[in-house]
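Protein chains: 2
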Amino acid sequence: MVITIVGTGLIGGSLSIALQEKGLASHVIGVEHNPSHATKAIELGLVQECLPLADAIQKSALIIIATPINAAEQILPEILNHVQDQVVFDVGSTKSKIVEAVQDHPKRGRFVATHPMWGTENSGPTAAVKGAFSKKATVICDKMHSDADALAFVEKLYATLEMHILYMDSTAHDMHVAYISHISHITSFALANTVLEKEREEDAIFELASGGFESTVRLAKSNAAMWVPIFMQNRENILDVLNEHISQLRKFKSSLEKENYDYLQELIEKANGIRRILK
Amino acid sequence: MVITIVGTGLIGGSLSIALQEKGLASHVIGVEHNPSHATKAIELGLVQECLPLADAIQKSALIIIATPINAAEQILPEILNHVQDQVVFDVGSTKSKIVEAVQDHPKRGRFVATHPMWGTENSGPTAAVKGAFSKKATVICDKMHSDADALAFVEKLYATLEMHILYMDSTAHDMHVAYISHISHITSFALANTVLEKEREEDAIFELASGGFESTVRLAKSNAAMWVPIFMQNRENILDVLNEHISQLRKFKSSLEKENYDYLQELIEKANGIRRILK
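Protein chains in written order, with my numbering: chain V, 1 to 279; chain P, 1001 to 1279.
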């Protein structure tokens, strides 16, 4: 099968590797507006060629959108304008806006809204890795708005990639990911800025930084071009979670200020409840 | 060499494994007030026997304190009361209070204040692991207050464990770890409480939780018995960092509230500066 991947970065590139490895893709065409990324993606074997969008669609049975989500929202209606009976899916971190953008499109049924739950703090074609999606979850949103054959096609593809499929409506998805993913990135960015602001002895950080620091601050390396649009699109859910998070931090602050260590212990023991969820 | 380890949990147990593997310990005596931990530590081979403190000290060339830091601060003067020419070191996460607690003790010179920069979110003897300290940093504080032979002894021991030694005064140490370690734990506890408070669909969290969430929330599993005393002892430094962190989070909040996405991008790009420090 010939597959087009729009956006040959971390997610698009890693998907391409997986689709080629599993024998699903015989030929992958990249659509890439950044010329140096296009060259790199070909060099790394992520795609076999790069073509303009319309040509790529015409030659492909499947079109995958793996751009930042603001670009995805703009390019999806254009892709559907060119589609006959091909299948199109996206892999973006928010779902409500992209689904809205094509709700009245005559080819809406050819589109499946998905979100494979995998990523790293790196970006671009060189960030693409093997074995990225296996054993991870992927979400399919609003499946009733996709044609039955398009949905079945995407379900089969994710199953072949050994992913576990969850179904949600796009509104619920966006609310959940605000907790599960987006807030972690904001706290990590803010933590990095805290350290960079106050800790002038960078050598000390570098020398002392242990596993705990690295794991909480790692996400702060993430790319603004990817994350600003996510925060824009999921603004209300994120503000909701962020307000709650600041109020939870204030409880820790207050317990320390008042030297109320029973309360501090209670807060920590409550947090330990996360063991129920994260094994 | 016969070694006593006071506190046979995550750190004491892992140290014991390393010291036995490197041939530094021929016999390890545990001092453990929790009877089930004592039994478990012997069963796991972390220690060969458990004895009361005074007996253990009398039989040992080296005493390592690996209890929560509030207990360490209380037990250290008692240990020094029993010591002839043995060496004593601790492995606690804060250093100012423990150093203060023995500053006028006649045997102060036998004590070396240290902090190996390794840990996990787990606790107790069963949390002890092999190979924990190799290639990590360890801090020695206020070395001028230790006898030259005691200091050299501990330096050689850490070198044999393949650790990289940093020297700091205890005040600077406590300030740096507030940034590098303690604040990460507070944000992680608060993040866990945010999710547990607001996200009622725990199944959704469990299914969706991806690498980013796990890495930022993992520390929230950490033990209150260990962390309450750390937060107590390092209260002022932590409040300083926590205030800065809340103010950094408010900048993200404000950029979202005002839909000022240029500012949001600026905040993220500034946070990306952490790449200079975390390779």
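Hint data in this document are derived by calculation from the structure and do not stem from the laboratory.
Incorrect hints may appear among the rest.
[What the hints assert, rightly or not] List time: in silico EDC-like cross-link candidates among lysine to aspartate or glutamate, alpha-carbon distance up to 20 Å:
hint: 1; chain 1: P; residue 1: 1270; chain 2: P; residue 2: 1236
hint: 2; chain 1: V; residue 1: 251; chain 2: V; residue 2: 236
hint: 3; chain 1: P; residue 1: 1107; chain 2: P; residue 2: 1085
hint: 4; chain 1: V; residue 1: 221; chain 2: P; residue 2: 1240
hint: 5; chain 1: P; residue 1: 1097; chain 2: P; residue 2: 1085
hint: 6; chain 1: V; residue 1: 135; chain 2: P; residue 2: 1197
hint: 7; chain 1: P; residue 1: 1270; chain 2: V; residue 2: 43
hint: 8; chain 1: P; residue 1: 1258; chain 2: P; residue 2: 1240
hint: 9; chain 1: V; residue 1: 130; chain 2: V; residue 2: 43
hint: 10; chain 1: P; residue 1: 1253; chain 2: V; residue 2: 43
hint: 11; chain 1: P; residue 1: 1253; chain 2: V; residue 2: 142
hint: 12; chain 1: V; residue 1: 143; chain 2: V; residue 2: 85
hint: 13; chain 1: V; residue 1: 221; chain 2: P; residue 2: 1203
hint: 14; chain 1: P; residue 1: 1221; chain 2: V; residue 2: 21
hint: 15; chain 1: P; residue 1: 1270; chain 2: V; residue 2: 85
hint: 16; chain 1: P; residue 1: 1136; chain 2: V; residue 2: 203
hint: 17; chain 1: P; residue 1: 1221; chain 2: V; residue 2: 214
hint: 18; chain 1: V; residue 1: 258; chain 2: P; residue 2: 1269
hint: 19; chain 1: V; residue 1: 253; chain 2: P; residue 2: 1197
hint: 20; chain 1: V; residue 1: 136; chain 2: V; residue 2: 266
hint: 21; chain 1: V; residue 1: 251; chain 2: V; residue 2: 266
hint: 22; chain 1: P; residue 1: 1198; chain 2: V; residue 2: 43
hint: 23; chain 1: V; residue 1: 97; chain 2: V; residue 2: 78
hint: 24; chain 1: V; residue 1: 251; chain 2: P; residue 2: 1207
hint: 25; chain 1: P; residue 1: 1258; chain 2: V; residue 2: 155
hint: 26; chain 1: V; residue 1: 270; chain 2: P; residue 2: 1085
hint: 27; chain 1: P; residue 1: 1221; chain 2: P; residue 2: 1207
hint: 28; chain 1: P; residue 1: 1135; chain 2: P; residue 2: 1269
hint: 29; chain 1: P; residue 1: 1221; chain 2: P; residue 2: 1203
hint: 30; chain 1: V; residue 1: 136; chain 2: P; residue 2: 1214
Structure-based check of all given hints:
Restraint check for residue 1270 (chain P) and residue 1236 (chain P): the C-alpha separation of about 26 Å exceeds 20 Å, so the hint is violated. For the proposed pair residue 251 (chain V) and residue 236 (chain V), the alpha carbon gap of about 23 Å is over 20 Å, so the pair is violated. Between the alpha carbons of residue 1107 (chain P) and residue 1085 (chain P) the distance comes to roughly 9 Å, so the proposed pair stays at or under 20 Å and holds. Between the alpha carbons of residue 221 (chain V) and residue 1240 (chain P) the distance comes to roughly 24 Å, so the proposed pair goes past 20 Å and is violated.
Between residue 1097 (chain P) and residue 1085 (chain P) the alpha-carbon distance is near 23 Å, which puts this suggested pair outside the 20 Å criterion. Simply put, residue 135 (chain V) and residue 1197 (chain P) have alpha-carbon atoms about 28 Å apart, too far for the 20 Å limit, and the pair is violated. Distance restraint check for residue 1270 (chain P) and residue 43 (chain V): the Cα-Cα separation of roughly 31 Å exceeds the 20 Å cut-off, and the hinted pair is therefore not satisfied. Taking the CA atoms of residue 1258 (chain P) and residue 1240 (chain P), the gap is about 27 Å. The hint is violated against a cut of 20 Å.
Taking the CA atoms of residue 130 (chain V) and residue 43 (chain V), the gap is near 16 Å; set against the 20 Å cutoff, the hint holds. Taking the CA atoms of residue 1253 (chain P) and residue 43 (chain V), the gap is near 41 Å; set against the 20 Å cutoff, the hint is violated. The hinted pair formed by residue 1253 (chain P) and residue 142 (chain V) fails the criterion: a straight-line CA distance of about 30 Å is larger than 20 Å. The hinted pair formed by residue 143 (chain V) and residue 85 (chain V) meets the criterion: a straight-line CA distance of about 17 Å does not exceed 20 Å.
A hinted pair counts as satisfied when its Cα atoms are at most 20 Å apart, and residue 221 (chain V) with residue 1203 (chain P) does not qualify at roughly 29 Å. For a cut-off of 20 Å, the pair hint linking residue 1221 (chain P) to residue 21 (chain V) is broken: about 37 Å separates their Cα positions. This hinted pair does not check out: residue 1270 (chain P) and residue 85 (chain V) have alpha carbons roughly 45 Å apart, beyond 20 Å. Between residue 1136 (chain P) and residue 203 (chain V) the CA atoms are separated by roughly 15 Å; this keeps the pair inside 20 Å, and the hint holds.
Annotation: proposed proximity of residue 1221 (chain P) to residue 214 (chain V) holds, straight-line Cα distance about 16 Å (limit 20 Å). Simply put, residue 258 (chain V) and residue 1269 (chain P) have alpha-carbon atoms about 36 Å apart, too far for the 20 Å limit, and the pair is violated. This hinted pair checks out: residue 253 (chain V) and residue 1197 (chain P) have alpha carbons roughly 18 Å apart, not beyond 20 Å. Note on residue 136 (chain V) and residue 266 (chain V): the hinted pairing is violated, with a Cα-Cα distance of about 33 Å set against a maximum of 20 Å.
Using a Cα cut-off of 20 Å, the hinted pair residue 251 (chain V) and residue 266 (chain V) holds, with the two alpha carbons roughly 11 Å apart. A distance of roughly 46 Å separates the Cα atoms of residue 1198 (chain P) and residue 43 (chain V); the hinted pair therefore is violated under the 20 Å criterion. Of the supplied pair hints, the one linking residue 97 (chain V) and residue 78 (chain V) holds, its CA atoms being roughly 15 Å apart against a limit of 20 Å. Proposed proximity of residue 251 (chain V) and residue 1207 (chain P) is contradicted: the alpha carbons are some 29 Å apart, above 20 Å.
A threshold of 20 Å between alpha carbons decides the hint, and for residue 1258 (chain P) with residue 155 (chain V) the separation of about 40 Å lies outside it, so the pair is violated. Straight-line distance between C-alpha atoms of residue 270 (chain V) and residue 1085 (chain P) comes to about 45 Å, which puts the hinted pair past the 20 Å bound. At roughly 19 Å between alpha-carbon atoms, residue 1221 (chain P) and residue 1207 (chain P) fall within 20 Å of each other, so this suggested pair holds. For the proposed pair residue 1135 (chain P) and residue 1269 (chain P), the alpha carbon gap of about 31 Å is over 20 Å, so the pair is violated.
A C-alpha spacing of about 18 Å is found between residue 1221 (chain P) and residue 1203 (chain P), which places the hinted pair at or below 20 Å, so the restraint holds. For the given pair, residue 136 (chain V) sits about 13 Å from residue 1214 (chain P) by alpha-carbon distance, which is consistent with the 20 Å threshold.
In summary, the numbered hints that this structure violates are 1, 2, 4, 5, 6, 7, 8, 10, 11, 13, 14, 15, 18, 20, 22, 24, 25, 26, 28.
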